[in-house]
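Start counting the sequence shown at 21; every next residue gets the next number (our numbering).
In short, the hints are calculated from the structure, not lab data. Worth double-checking, as some hints may not be accurate.
As the list claims (entries may be wrong) - Straight line, CA to CA, 30 Å or less: simulated DSBU-like cross-link-like pairs of lysine-lysine:
no. : residue 1 : residue 2
1   : K412      : K448
2   : K391      : K283
3   : K364      : K693
4   : K364      : K411
5   : K693      : K448
6   : K407      : K391
7   : K411      : K391
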Amino acid sequence: MARINAAKYGMNKGHIQQSLQRSILFRDVDASDLAAFSEVCRVQTVPAGRYVYRQGEASEVFYIIACGEAEMILERGEKGTCIVGRIGPGGHFGETGLLAGKPHSLSLRALSDLTLICFDRRTFRNVLLANSRIHRQLDAILAERLRVAFLDQADTLSSLRPATEPTSGFDEVILMKEKVPNLIRAKGQAAEWQKAICESPTARRTHIIINRFAANSEPFMVTGEAGTGKAIIARQVHNQSGRRDGPYMEIDVRQHDPIDLYKDLFGNEQTPFPFVQSRQAGYLEQTCGGTLVFSHAERLAANLQHRILQAIDSGSFTHTDSDRPIVLQSRIVFVCNQDLDHLKENGKLLPGLLALFARQHFWVPPLREHKRDLPRLIEHYLERFGKEFGKKIKKLSPETLGLLMNYDWPGNLTELSSVIRRAVMLAKTDEIIANQILLGLPKTEGKWEFNILRIGWISRILRSPFFPRVPRMIVGAILLLAVVTLFFGPQEAERNLGITLSWSIGWPLLFFSFFFLARTWCNVCTLAMPGLLAQHLLKPQRKLPEIIKRFSGWIMAVFCILVLWVEVVWNSYQNPVLTGWIILVITLGSLLTSIIYSRRAWCRYLCPLGAINAIFAMPSIIELRSNRHVCLNRCETHTCFAGGEENTGCPMFRHPYLVDNNRDCIFCAACIKSCTHRAVHLNLRLAPQELWTLQTPRWEDSFLIVSLGAIFFPFALHQSYTELITAIQELSGRYGLHLPGPVVGSLIFFSMILIFQVVYHLMVTVEARTLKVNKKLLLPLLGYGFIPLILGGYLAAHLEFFVRDSWNLVLIVQEALKLPVSTGDTRLISRDSTAVLQTLTVIGGLLASMYATYRIVNRVLEGDNLESRMVVLPFGFLITMAALFIVML
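Based on the sequences and whatever the hints tell you, model everything.
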């Protein structure tokens, strides 16, 4: 019978002996024994795609592969299948079931046409095992199998996620309908899903794309913003395709070293040890017959992209240490956060890959572009999280729904899920109300931070009812004295107590406090006190109009520039009455806003001084943040934001859970007092990470930052500035133009701002081309890197004012008390010492700005290699500005 089968399949005894000798089992067997074995075997062929046997079938035959390749498959019922490994010529299988008398534990499928040498159960036991050399090799193989079996289970099988198996972190929502994979897999419900998902143009288009991609096995790409459901769409395409029973694997490129990923993807050449092969099989082999998804594919190394493109084009690949071609049977999917045009511009993907994926590409629209789907999504999340927390939430108040519909959802589905989950957790009735909705992206946990509330006396001070009342009373008394003397005191600036308290002491101390105390000055600012007192009596509940909130950054920037314009051009430093009016106008604005609107709307959205405080507080060495894990999992009241019986909540409308910067926090300690879980931290930090990690960068902030850099020059040199105005007036007078001083000063003032803005835009434009990124992405971000340097310049300038003029306070008091007035040099320290401190301050700001700018550029590149040429331009801008600061001081 053996001879008949051998002839039938084109194999004589010589061919059979050669095939047996390729196997590790028969490698040391004598030629005479091989000849005997060839007499008692039979030859069998299995066409590609057919199973040699299925998992669970009876074990009756021992197989040796003479020609072709097979794959071992672990079938896991409803959880799908996993590819354990491949076996090539010389490999063997089937012996485990024969030895144990058990059914097959794996299935064997032919990847190509197989030619098998087969031994039945009796021959295997009585002939093959009787040979001591074969028995010894088989013992070694079984020992190796036992050693790696448990490792394989953890390292290989657990890395595969069958397409039908739910995984944590997946939303199970495709933009608009819940649990789509389960509906699709459930027979008879496809029509229901189809009807539900096609309720908006975006939903219908998504459905069409999924069906189109699922109808073929060609590679495809899904792009879109973070949180839009790209991975879910890729999974759904797999579920609806002919590969639904095959493995599904997602690889986050960010979590893999490029060299290791190269090896893991293509695998190593395999030995005849069957179960060793499962450790050597690469991802392309493990996902044979299924789908392999590369998340953040734009971060793939160029050489790896080239190999993937080559494998797709040729339909085959090789192991890292072999030239033997292997048929590619995995569907390749790329998932990127950048759109196709952006990827073409920045060159992060090879042109060949871009051309390949251009045939099947889908840009997933962000949630803000299909808000029509929001009610259905919200309904889904309410039901889902209601089950999680054991609540039955039936509705949202109209105000709440309007709030959600007006929000732009920068975090897309991920953020929406988090917001609704939080609201359900806080809900006390069957209705979600507006106060239970916290909009914004939470800050990630930072490193190199120390919570100074662990220090007992600091914690006691901040939790004391005397804070911030006592500091406000002290500052209020001083400010009241300053305002009275500004209007009714001597009009000579050097003899006016209000001028000294305002410009020589108060204004410098304000800037000094930014670095150490962030925006605490706003907390004790008494310009807001009349408004706070009026609120205490009137208790207004009206909310600030949304249009003001939307454009508050620009409003504050314009107000801030106008205030500085009045100060510099009209030289309020020498004009007590003008200084007094500046203070009164700001106080009046705060008072009127506080009477009409709730909380400190003026401080948060309108105050010009608040704009300066917000910008320069960002590089501070302290920050107020919350432990987001405690907020999410333990807090059910959020009194730190909404308020309680003893306080009115955060006056700046910011929940500590959502605070990711110092821009909007005035360190009033209300949340520290309110939080019973001690989740609010006051951190001493090594580096102001928010400058490069800010989740909501605003172009209006960068506009104000650059403008402050321009205003520094007329501000720091206001005496020379006044002389320049006079010189220009005299020059224009010679040509018959009699320009008023304020007009000339205004032209110079706003021309400086215009020049700096133009230079900044040109620099951003060139830098964007260098980095191959969108200019709109870089424009709002890069300005934050300049804050430390500009703050350093202002600190240096105010240091000179403080050192030179603060002693006037003593002289004025001596004069008022009819005491002998001190004479001689009234500087606190020498001019040379001041110059050294000023230079060091500017240099320190420069170094901090260079580091922050480096981190911002690195963030924009999204993990790409940062080359030195990429930061030459912004560094040159910073160094030039620092040099000008030092020269002008």
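Now the hints, each set against the structure:
Straight-line distance between C-alpha atoms of K412 and K448 comes to about 10 Å, which keeps the hinted pair within the 30 Å bound. Restraint check for K391 and K283: the C-alpha separation of about 44 Å exceeds 30 Å, so the hint is violated. For the given pair, K364 sits about 52 Å from K693 by alpha-carbon distance, which is inconsistent with the 30 Å threshold. A C-alpha spacing of about 48 Å is found between K364 and K411, which places the hinted pair above 30 Å, so the restraint is violated.
About 23 Å separates the Cα atoms of K693 and K448, which keeps this hinted pair within 30 Å; it holds. Distance hint between K407 and K391 is fulfilled; the C-alpha atoms sit about 25 Å from each other, no more than 30 Å. Between K411 and K391, the direct Cα distance comes to roughly 26 Å. Compliance with the 30 Å bound is thereby established for this hinted pair.
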